[in-house]
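Enquirer: Position chain B against the provided structure of chain A, taking the given hints into account.
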Amino acid sequence: MNCESFLELLQLELDGGTSLEAHEHLRVCLTCRELYRAAGLMRNGVQRLSWPAPPAGLMDRIVLRAIADRRVLRRRRWITAGLAVAAALFIAVGATLFWPAEQPEPNGSSLPLAQIDEGREPTVNLNQSVTDVGAAVVALTNRATQETVGQTKVLLPIVAGPVLDELDLELVGPTLSLREASEGLSAGLEPVTTSAKRAVGLLLRDLTPMETDTKRGL
Amino acid sequence: MSTDDPSLVRRCLGGNAEAMRQLVDRFQPEVFGLCVRILHHRHDAEDVTQEVFLRIFRSLRRWDRSRPLRPWVMRIAVNRCRTWLSRRPRRPELVDYLQDTIPGPAPDDSSELLTEIRAALADLRLEYRTVFVLFHEQGQPYEEIAEALDRPVGTIKTWLHRARMEMLERLRKRGLVADDESADQPAPPSGKKP
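For the record, the sequence lines run as chains A and B. With the working numbering applied, the first sequence corresponds to residues 51 to 268, in that order. With the working numbering applied, the second sequence corresponds to residues 1367 to 1560, in that order.
Because the hints were derived from the structure by calculation, they are not lab data. Just so it is clear, the structure is predicted and the values come from calculations on it, not from any experiment. Treat the hints with caution; some may be incorrect.
Said to hold, decoys possible - Where chain A lies over chain B, by a calculated footprint (3+ residues, C-beta under 8 Å):
1) 1400-1409
2) 1412-1425
3) 1429-1442
4) 1513-1522
5) 1528-1539
Stated by the list, open to error - Ranges of calculated distance between the beta carbons of each label pair, as one might list FRET restraints:
6) Arg111(A) - Asn1445(B): 20 to 26 Å
7) Pro1395(B) - Asp119(A): 43 to 49 Å
8) Arg1517(B) - Pro105(A): 51 to 57 Å
9) Leu114(A) - Thr1481(B): 22 to 28 Å
We treat Cβ as the ideally placed atom computed from N, Cα and C, and that holds for glycine.
So that you can see chain A by itself, here it is in the shape it has in the complex (with noise of 0.2 Å):
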């Protein structure tokens, strides 16, 4: 047997298990034999060693500290209680009396926006509005390359070009004018901003059922 089996068992008989007093490697190996030795006076020393004993008052001393401790944290417990109580009737009615109503639909219906049927047709405004910018946008590109190409035309000296062959290509003109071009524009925006309008409807919608809980206290 080798000094770190020998050891594993020492360990064991301190744990209250077999003594080793008779083993084998006490005989052949100094370093285990003294600390078989060390292992003998520690354990008759730790026995001798007396526990120290608490002093006299200390108990009653605890006690008293004790139920002072508990008064005073059971009355944290009702003041933070009622600070809590307090705290929630103060949001009930603070969002009671300041939540803004519900606005009405302009055509008298209660129903909110996200319930627009499908077939309705789409307000003119933004429509309108589509096409008056289009037409802006048309003038003024219109303005702009006319003065553009008056002032090159001053300003480039006339230059008599080589002379091309005819082209065999046949131009195709212009299919739309720019006002129908914004025209067609304004018509492929309908749907982004019908849909704009049933989202924020739905929003609205969500929002309002935060009134009824409020009132309740949550």
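Expert: Below, chain B alone, put in the same frame as chain A:
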């Protein structure tokens, strides 16, 4: 687990002063002794003992009634000692053993031995010392110590084995177990001198 632990705790939670006194009386010796062993200072041990019981009474609602009460109490004691040590400014250890001396005259070697054992205990790191005191001085089993320190049983065994080896090596090196024979000669049969 003591059969009357739950009823004692119930009465304490109800504010029964007598029940609180009983609880303190039951655990005060162990708690105070452990604090002295860990903190090496009686005055600090008194303060920490009071802190321990205040914590116990404040946390009594959280005690799991299916578990024994003592490991739960000792865990609070160990944690408070650890907190106290971390906050205590470093100062020379004031070891007060006046209350611990054996009454009456004692032979020199036993005094020397006890002094060495106390010194060896003081030199152990906190975890090793705690486990050693709980096992060898208070006689608590591994499972209860593991629960008190919130560590696996394997860890507790490792700590205790290392604590023992450090103490044994110290006693051996201090010459308290000097062997008169050389390593080459076989040891005499136990109980007989050469």
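Enquirer: Tell me if chain A covers the segment 1429-1442 of chain B under the three-residue, 8 Å CB rule, please?
Expert: Violated, because only 0 residues of the segment 1429-1442 of chain B bring their Cβ atoms closer than 8 Å to Cβ atoms of chain A.
Enquirer: 43 to 49 Å was suggested as the range; check whether the CB atoms of proline 1395(B) and aspartate 119(A) agree with it.
Expert: Once the Cβ atoms are compared, 22 Å apart, the range 43 to 49 Å for aspartate 119(A) and proline 1395(B) is violated.
Enquirer: Given a hint of 20 to 26 Å, does the C-beta separation of arginine 111(A) and asparagine 1445(B) actually sit inside it?
Expert: holds (21 Å)
Enquirer: Okay, the segment 1412-1425 of chain B and chain A, do three or more residues pass the C-beta test at under 8 Å?
Expert: holds (count 7)
Enquirer: Would you check chain A against the segment 1513-1522 of chain B, counting CB to CB pairs closer than 8 Å, and say if three or more residues qualify?
Expert: violated (count 0)
Enquirer: Does the hinted range 51 to 57 Å hold for arginine 1517(B) and proline 105(A) at CB?
Expert: Cβ of arginine 1517(B) to Cβ of proline 105(A): about 31 Å, so the range 51 to 57 Å is violated.
Enquirer: Residue count check for the segment 1400-1409 of chain B against chain A: does it reach three with CB-CB under 8 Å?
Expert: holds (count 3)
Enquirer: Are three or more residues of the segment 1528-1539 of chain B within 8 Å, CB to CB, of chain A?
Expert: Contact hint for the segment 1528-1539 of chain B vs chain A: holds, 7 residues under 8 Å.
Enquirer: If you check the beta carbons of leucine 114(A) and threonine 1481(B), does the distance land in 22 to 28 Å?
Expert: violated (38 Å)
The structure does not agree with the numbered hints 3, 4, 7, 8, 9 stated previously, though it agrees with the rest.
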